[in-house]
Structures are given as C-alpha cells and as structure tokens.
Amino acid sequence: KNQVEQSPQSLIILEGKNCTLQCNYTVSPFSNLRWYKQDTGRGPVSLTIMTFSENTKSNGRYTATLDADTKQSSLHITASQLSDSASYICVVSAYSSASKIIFGSGTRLSIRP
Amino acid sequence: NAGVTQTPKFRVLKTGQSMTLLCAQDMNHEYMYWYRQDPGMGLRLIHYSVGEGTTAKGEVPDGYNVSRLKKQNFLLGLESAAPSQTSVYFCASSSTGTRGGETQYFGPGTRLLVL
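As given, the protein sequences belong to chains A and B, one line each in that order. Per the numbering used here, the very first residue in the first sequence carries number 1; after that it's consecutive. Per the numbering used here, the very first residue in the second sequence carries number 114; after that it's consecutive.
Since the hints were derived computationally from the structure, they do not count as laboratory data. Each statement offered as a hint is correct.
BS3-like mimics (lysine-lysine), calculated; alpha carbons at most 30 Å apart, straight line: (1) K122/B / K170/B; (2) K183/B / K170/B; (3) K170/B / K71/A; (4) K57/A / K17/A; (5) K122/B / K183/B; (6) K1/A / K170/B.
What follows is a list of derived Cβ distance ranges for each label pair: (7) T78/A / L228/B: 41 to 47 Å; (8) D175/B / K17/A: 40 to 46 Å; (9) T40/A / G166/B: 34 to 40 Å; (10) T216/B / K1/A: 25 to 31 Å; (11) V45/A / A169/B: 22 to 28 Å; (12) G164/B / G60/A: 33 to 39 Å; (13) E172/B / I13/A: 32 to 38 Å; (14) T216/B / T40/A: 17 to 23 Å.
Some residues of chain A that are not near chain B, with every Cβ distance over 12 Å (derived): (15) E15; (16) T20; (17) Y62.
Each residue gets a CB set at the ideal place from its N, CA and C atoms; glycine is no exception.
Please take these sequences and the hints and turn them into a complete structure.
Rendered as structure tokens:
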C-alpha cells in the first residue's frame, strides 16, 4: 500500500534553533518527493522537489535530503524564525498515473520567541 | 497574476443541499486537481483533470462531481451534501503532471460545514 509517514506529528522549538523533520514512504514506483509548507488557513506552498537521482536540495534555510534506498527523506530548517511556524507536508508522486500523489499528514512546527 | 483562486471561502450547508465550488487559475496550466483536507490526515485527491473537457476520479470521488468546460476553471459539485463532507477543500493546478517533478500551485481553500 502506498503510504507516506511523517514524524514527529508536532514540534516546538525556540527561535534561532535548528530542527529536522522526517518522512518515510512506501510509494512505488517512485517518481519524486516534495516538501510543502502550509501556513494556518492557507494552501500548501512548495519548498523543494527531488527526483530519484537527487539526494539533497536547498531553498534558503530549508534543506531536504532523500535516501531512495531506505525510502526516507528529511527536511532541515536552519536558524528558525517565527515565520517558520506552520505545517510541513511530505508528498510523494508515483510514475503510475497522474493521480498517484500521496500526501503525508504533516508535522506541525511551532517556533517560540 | 492571481495564481489559483477559490470561491467561496466558507460555506455552511444543510444535509441534502447542493453546491458548487469554483476554482480558477490564470497560469494557463493543463492539470487541475481537487483535494480535501481533514484533521490528522493528508490531503486526499477527489478528482483531477489533465486538460479542458477531461476529468478523472481520484482517491475519494464518491459524492462529488466535477467539470472542466474551460481550461482556466475547474468546478467541484456536491449534489446532496452529507456531514461526512465537512472538510477544507483545496484546488491545485500544474502545467504538467507531477510525475515529471512539476510543482502544484494551491488555492487558499474553501471551508465547508455540513450540518
């Protein structure tokens, strides 16, 4: 069964600290993995996209890694800011059809001043 | 350039009522999607379209219908609303399918409450 599991479900850190969010998937055949940021009451916004051949991708203070062998990805946030408070969603697409897009349930990150 | 817009932002329905959610995009994208987001769950695909005049079922299509008469618009209809359809609905679009790594652009969402 195609699944995307994220951990932790929620995380609270102090402003300025770093954190790492995890994503494990069983989607097959794998096409690409994305990380989205979703602010409360808004739609998700893409942060990074990685295909099978890419094992790291950065977007400012966000760095995503992908291990296609173990089917794991992580999103590392450096020097967190209050505006990083949001849900972070891992999404995996399969090659089988346009509809095989599996969303994780997200990690809710809260940054405290 | 508004991106993806959704109408309405919030709606309350009584069980059995019908309504249509409108999604519009101004990026000339071929692909459009309707998702629902429920607490503690990932977004689930309801229906999608790979071009004007075409639609296909996603993961949870029951109770919903869609139409794509114009390339820029994707309508989601509920013929007879049920409390289980209480959710936040997101529309998204992309220039091509996501298999190629294309980014999906999401609208702001429509919050629907069915009593």
